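Trainee: Listed below are the residues making up each chain.
6 protein chains.
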Amino acid sequence: MFAHNKKLQYSVHVEECNPGLANLMLEQFGGPQGELAAAMRYFTQALAEEDPGRKDMLLDIATEELSHLEVIGSIVAMLNRGAKGELAEAVAAEADLYRAMQGAGNDSHVTQLLYGGGPALINSGGMLWTAGYIDSIGDPTCDLRSNIAAEARAKIIYERLINVTADAGVKDALGFLMTREISHQQSFEKALYAIEPNFPPGKLPGNPEFANVYVNTSQGDGDMRGPWNSDDNFRYVSDREAQLAMDGGDGKPSVKLGKQQQECLSAFAGRTASETDSNPTTGAELGKQDY
Amino acid sequence: MFAHNKKLQYSVHVEECNPGLANLMLEQFGGPQGELAAAMRYFTQALAEEDPGRKDMLLDIATEELSHLEVIGSIVAMLNRGAKGELAEAVAAEADLYRAMQGAGNDSHVTQLLYGGGPALINSGGMLWTAGYIDSIGDPTCDLRSNIAAEARAKIIYERLINVTADAGVKDALGFLMTREISHQQSFEKALYAIEPNFPPGKLPGNPEFANVYVNTSQGDGDMRGPWNSDDNFRYVSDREAQLAMDGGDGKPSVKLGKQQQECLSAFAGRTASETDSNPTTGAELGKQDY
Amino acid sequence: MFAHNKKLQYSVHVEECNPGLANLMLEQFGGPQGELAAAMRYFTQALAEEDPGRKDMLLDIATEELSHLEVIGSIVAMLNRGAKGELAEAVAAEADLYRAMQGAGNDSHVTQLLYGGGPALINSGGMLWTAGYIDSIGDPTCDLRSNIAAEARAKIIYERLINVTADAGVKDALGFLMTREISHQQSFEKALYAIEPNFPPGKLPGNPEFANVYVNTSQGDGDMRGPWNSDDNFRYVSDREAQLAMDGGDGKPSVKLGKQQQECLSAFAGRTASETDSNPTTGAELGKQDY
Amino acid sequence: MFAHNKKLQYSVHVEECNPGLANLMLEQFGGPQGELAAAMRYFTQALAEEDPGRKDMLLDIATEELSHLEVIGSIVAMLNRGAKGELAEAVAAEADLYRAMQGAGNDSHVTQLLYGGGPALINSGGMLWTAGYIDSIGDPTCDLRSNIAAEARAKIIYERLINVTADAGVKDALGFLMTREISHQQSFEKALYAIEPNFPPGKLPGNPEFANVYVNTSQGDGDMRGPWNSDDNFRYVSDREAQLAMDGGDGKPSVKLGKQQQECLSAFAGRTASETDSNPTTGAELGKQDY
Amino acid sequence: MFAHNKKLQYSVHVEECNPGLANLMLEQFGGPQGELAAAMRYFTQALAEEDPGRKDMLLDIATEELSHLEVIGSIVAMLNRGAKGELAEAVAAEADLYRAMQGAGNDSHVTQLLYGGGPALINSGGMLWTAGYIDSIGDPTCDLRSNIAAEARAKIIYERLINVTADAGVKDALGFLMTREISHQQSFEKALYAIEPNFPPGKLPGNPEFANVYVNTSQGDGDMRGPWNSDDNFRYVSDREAQLAMDGGDGKPSVKLGKQQQECLSAFAGRTASETDSNPTTGAELGKQDY
Amino acid sequence: MFAHNKKLQYSVHVEECNPGLANLMLEQFGGPQGELAAAMRYFTQALAEEDPGRKDMLLDIATEELSHLEVIGSIVAMLNRGAKGELAEAVAAEADLYRAMQGAGNDSHVTQLLYGGGPALINSGGMLWTAGYIDSIGDPTCDLRSNIAAEARAKIIYERLINVTADAGVKDALGFLMTREISHQQSFEKALYAIEPNFPPGKLPGNPEFANVYVNTSQGDGDMRGPWNSDDNFRYVSDREAQLAMDGGDGKPSVKLGKQQQECLSAFAGRTASETDSNPTTGAELGKQDY
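Chains as they are written, first to last, in this note's numbering: chain A, 1 to 291; chain B, 1 to 291; chain C, 1 to 291; chain D, 1 to 291; chain E, 1 to 291; chain F, 1 to 291.
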């Protein structure tokens, strides 16, 4: 069960209102690499986790990510706080309020008009948060790899936000949040490598014939070799013919059909056949422009 | 530029029509861990990649994933092929066609009714594919980690599909596709570790004060230690007070407001204040049920 | 900041595994009326709330809803727990595992195949959770009304789930969750009516000419009167002509155009005009079937 | 059945073209609080309504909301009308047309490039309208509460649009639309309170032990009391221990597993266990940066 | 402005309740080819239409499609009507109600649990309606072609629904709705061909060098010729080299960079380069399984 | 199977970096009328196509569209290339980097912050690509019509992009891409008209009573006649009464209910009835403002 304390995990002291900057911060509130995605990723994994140590870790980090959601959301709320009152009370002229929500350095009209300055679960482009951002599948060696990648991505988005933020208070809090992602990544790495073996994931081995093969499908100027396709590590298949039907078969799809299935399919194919030896007049030709 | 050969990368010989099984296969066609997501993930990364070796690798694997999309899509098409003709030609009784799209072991009504038996970019639950499934952010050390995780996940979904598939032809092709994910994961791993250093991602170092801290936010029965939060690796913070306002500040959010901003905010707060010392009659009380 | 205790707010003791029932429970986990929507609705409101009493209440209830998300998610995890291991270890025949995820009384293939039995942020139909489910707009008299309605809806979905659940342990926990919605609705009601006045919302009065008018747009057999359109409460406008252009104007849309705008528009309209006095041969006529 | 008259319900006379303002207006066309959401909300409720009076009311108001969709859509069309022709005919230099769709006070590039100046079912941030905005659940006491809240929200969005609109013609029409929401809210209120009792919704009573309990989950500085958690109205639970496992049980989730289920689960847990007493070298350590 | 009469455009007399069939009908209510998509497609086009004849036609057909939405929605409501009351009143045993919403021939749990038997704007797979289904772009020769295609598609979905419906009353109403699509297609065809010329759409001619070229990108067994790529109609390019860089250039992407841009890019590329001549130990190798 | 050559189908030589222009180009990368939608539309159709000639054509054009996706994606990557490095290396002041992603003529913050300058599958408004953009239904006469319309739409979006692009290199490549849509449209037209008959689509004839009827639902000033509703082509129904219940029935919806169904429905209707002859005090009245 969760409990809450009204103190934030990190103090947020914003220098001045700036709805345009607030909008950018939404990337880490309601964006794909943001804190809600992180919290829900770990929380939902925790609920089904069979390993008690990982379950505890996932709950620890999920709870901290919720607390980060609160920190970044508080930044958004503070940056919007001045504009919020001005729009609600409408003390300024229409044209001034209009300019205050769209103009140079400011793409905050969705936040202001639709959400009244509150932090909404959208990214900076107004895209609604979707659970499609969460890629957990219920296998620990996969989910831990997904978590490692997610922490790495979140670290970079914070770095970019820091790079565009001149407000010292916001920058300081962003630095904390960015750093915590580094720490979380290290925990997930430890948990992954504490599973042995962890590669390949799952129980089924691959087919050894195809498990260390590199198919050079993109050729021409720019073709390169490296450890990801070196002869040390892989069988390198460049021959175009050898890339086709690698099972040695005909490379075709087929299915056995029952008699009624075959008859129906023939009837369907027959009545919708495009004649190859015709040259029918088309709608486009009826309406064609003479240049 | 792409070219195409009508031979598949792997032959697909399906034993018999089975729209219910076809529907499950959609997970790897239009599902979040499926081949379109894989192909587009690597293809879009390739277009902006500055490293020529990685660019080539990403194009190689993207092109192969498109070819896998063709293989899994051909499986779907073959499994649906018999039912497609029967519905289009309507030779059977309505009740029979009705049962053929929903019934025990068969949740194929969306595929049949809406898509006419064609492979659609949905998952097995009918959820439309969305680019929210792709998590690329344009940083190589992050994107490679995301790719590693994505290959691991795809491997497992194929394993699960294999576990529920009795059709030998389908099972064989799924085995090939699953194995290729293992191979791709290895290539991405090599490419990641060929970047040195690769951790933490990005250019900004974290704040050392918080980079190796583990916050034990979830406590009570079940609290555990492991390498992910051990004293060897982390400073472990369990004290509830020490978890709050880790900057040592007041833990509050604040922002400096201009005079008009402050006045508007006060007006707004004033006219929307909820009186704490009232006990107003509510709508619910007006309509309350007497148990 | 959040803290967590590994004890649930309510014990969950499930009688037996049932992935089909688990799937239904997802309505209150990742569905539109579920606990994530509730928690995020109140949490995001709290962050921007100016009234300290309401802010505290919103945080209290948001935190409890997160704890309910944990309870319902634990129900889902327990109901799926048996099937999860069987699929991962693949000890049964393919056909048995196939039937175990789709068949009479069981629409759990998305949960099992894609999410490995973990609780995912989808509803029972596999629709991904979206922040479009949250309707907060940053005005207290609106948001409290939205919260009241949301609690009422959640109560009913729990009631429906209870009606279809024979498992006594699940039923008991659902009863607790349902009851808490009743309690929360009462809190939100008190907070709304503690704002005086609270109707109409906002600062701008309506135009008195149209504020108490009922437009009887749907006529014919079945036209009825009640307090929602009675003469006591409204001016009732049934005359079709009087419903049009209620401003007394021409009922047309117009805009003043600049000279270049007008010229371009004329050029555009001219080159795309559909001649009214022609009877052109169409594409459909080219391809028309003779019945 | 619907009929249509080409006169609008309210005349729309726009002073001058302004694609930037047009874009803001989309909030009430294709946005979550807009007229399509309103119309579809009431229309779909009406179709399944058993109460003849409410059915008539819902059809009346749905039909009027469709007419409002036409009014707001006509405002959008008029504001875009000049720019539409200029882009289609391309009489201006590329740079001028470029600036005319994005620049200070103008975020109209989606409308212009993709929709050719036509009113599209998106909000001002380009988010596509989704039926996730509609929260009807087929229970009258819930749906009426949802409708009341929806009308309140729509009123406020109109108020905000009015506050940023200097065009007198647009402002006048917005004032009408805003006022009608006030009137509709009153009708829905009458219909709700004409159901007795209407609280709690549904047929099942709550568990009296938990129906009037307030759980003070958020504590620390800022904890407050008011009618929403007063001792007059609620049993106030602040003790952290008393908040856990409120059923008096162990606060744990459990499920009875069959023998094969238990064996599979053990096998799965065993092969994916993270060793707690290890300190494995991780991928991050392989690639770690030396600061 | 719209008006409404409580008589439907076509009577709906359903023989018996069938929530499973109701669910299928949702394809034409809230599905991509359904009546809401049709109505909104034409209605939004009408609002921005400059041609008075087409504007009138679009409003006529949009209004009729809304009336069809009412017909198909009434079919859904009637088919669900019996189950709705039984779930709400819970007179049957839990297991019976459970089976009544999922089981052979019945995938109605979303409709029943979440929507209480009301027609919801989802398709038969539970996917929420999205405005992404509407493809209008504000050019008449395009939009009319889109409308023609949309009517054709809707006709086929109705045909498929008819093929699986044994209920005579439902079948009769579906036949009417299907027929009206045929009629509408003919109107849109007439309106398109009444624009002369109408091909190619728009004002800019294509580059004559590439306007009648067919690029044979897919080769191998199965390569075919027909009027769509015949020498009569097209220049047929099969030579792989001739398909590349058809402008005769180098086929590469390039951009001129400023000095600082170039320096930053080099720094970025340098610190994230993957060494090609290394063979680093990877994370996967750390955790590799020995088969 | 697919193969790839690192040469583009058309060379892309961009004059200078311009993230604002890059953002607009996304309409044809990840927008509804863009190249991914085109490629996937034809590719998925091809997989289930029974006609060998059309199957080959669909694969040819799908493969070319993938190659166009590469061209437009390369344009995006080049236009963003300078800004990408500057943000990653953070050599400029925060305020400069802030202005470089939002400001006059530049709405690129999503691309830069979230995607690091890589081409993402979003449109210019940040809306994630969704498979809802694809309207294939598995019937050739429908799908070919959909393809014709899609090519027409894509042509126009390219035309609009050309109209706002001053960069000669970008303009040249856009001209190529636009022209290819013209060519593709012609191929699809030939393939459609090579099916005889092709109208109406499908196997079921319409009901002759309603197949050539035009219902004049929108009346009043602006009512017009043209070939789309002329007496030559249609029976024109203007009489309002004749538009209702065109089957000659009662225009009502009904369903036969079983005894228990009827009883439950009565109980449900009874306990949720809104009394018509009451005038209850409402929540709004409790909180009403005195103007």
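Hints in this document: simulated from the structure, not taken from any laboratory. In this text, all values refer to a predicted model and were calculated from it rather than measured experimentally. Be careful, since some hints might not be right.
What the hints assert, rightly or not - Here are the simulated DSSO-like cross-link-like pairs (lysine-lysine), alpha carbons at most 27 Å apart as the crow flies:
hint : chain 1 : residue 1 : chain 2 : residue 2
1    : F       : Lys288    : E       : Lys6
2    : C       : Lys6      : A       : Lys55
3    : D       : Lys55     : D       : Lys203
4    : A       : Lys6      : C       : Lys256
5    : E       : Lys6      : A       : Lys288
6    : C       : Lys7      : D       : Lys55
Trainee: Check the structure against each numbered hint from earlier and tell me which ones fail, lowest number first.
Mentor: 1, 4, 5, 6
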